[in-house]
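Visitor: With the hints as extra help, turn the sequences into a complete structure.
Next come the chains, spelled out residue by residue.
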Amino acid sequence: MDAVTYPNRKVIDFIQNRLVPLQLASDAEPYATNYGVKWTPSLLIIDAEGKVHHRATGFIPPPQFIAWLLLGIGKAFFEKDMFGEGLECFETVIAEYSYSDSAPEAVFFRGVSQYKSTHQIDGLKMAYRVLQEHYPGSTWANRAYPYWLLP
Amino acid sequence: MADKVEWVLDYKQALDRAKIEAKFILLDFFNPQ
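Sequence order for the protein chains is A and B.
Using the working numbering, the letters of the first sequence map in sequence onto residues 1 to 151.
Using the working numbering, the letters of the second sequence map in sequence onto residues 1001 to 1033.
Worth flagging that the hints you see were computed from the coordinates, not collected in a lab.
Given the structure is predicted, the values throughout are model-derived calculations rather than measurements.
Be a bit skeptical, because a hint or two may be false.
As the list claims (entries may be wrong) - DSS-like cross-link-like pairs, simulated, lysine-lysine; straight-line CA separation at most 25 angstroms:
1) A:51 / B:1023
2) B:1023 / A:80
3) B:1004 / B:1019
4) A:10 / B:1004
5) B:1019 / A:51
6) B:1012 / A:38
7) A:80 / B:1012
Guide: See the structure below:
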């Protein structure tokens, strides 16, 4: 990450503008134990109370990393019931990083966020359709599978 | 514009900054060796 991803201009700008970057050694206690760190890099999106909202283990290249960060920020908003703010993040992942590993999960959470904020099932049904069409082999297509049964 | 990621190296300081700036935190555990 230090050799390739963190020196990337877009990654630097994104992190500096959108996040507080915190780096700790994997043997820094009690944090490593509290966050269950077993391998490096361990990457987490946490909130100001220290709660984890998104995590990954291993190297992530620059464009994928920005998508991963956006997804994590979106999930953090989602878990704080800030669905509008989360939706903006998911929409950006889908629009600008549709090729990324994070995109199918963003489609899923966009649908769920739309449902949570409007109580209309259209968002869930659209998530199912988009995942089946664009990411049919993904875990998130499977997780959205029940939504095709909605009326 | 920063030339590199300006890491905070203290956990509590990062949490305080996140509260003040209304941001989430990217926490990177790295291999110190």
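Visitor: Hint by hint, note whether the structure agrees.
Guide: Verification of the supplied hints:
1. Annotation: proposed proximity of residue 51 (chain A) to residue 1023 (chain B) holds, straight-line Cα distance about 13 angstroms (limit 25 angstroms).
2. At roughly 13 angstroms between alpha-carbon atoms, residue 1023 (chain B) and residue 80 (chain A) fall within 25 angstroms of each other, so this suggested pair holds.
3. At most 25 angstroms may separate the alpha-carbon atoms for a hinted pair to count; residue 1004 (chain B) and residue 1019 (chain B) meet this at roughly 23 angstroms.
4. Taking the CA atoms of residue 10 (chain A) and residue 1004 (chain B), the gap is about 11 angstroms. The hint holds against a cut of 25 angstroms.
5. Between residue 1019 (chain B) and residue 51 (chain A) the alpha-carbon distance is near 13 angstroms, which keeps this suggested pair within the 25 angstroms criterion.
6. For the hint pairing residue 1012 (chain B) with residue 38 (chain A), the CA-to-CA distance comes to about 22 angstroms; that is within 25 angstroms, so the pair holds.
7. Our distance criterion of 25 angstroms between C-alpha atoms is met by residue 80 (chain A) and residue 1012 (chain B), whose separation comes to about 21 angstroms.
Hint violations for this structure: none, all hints satisfied.
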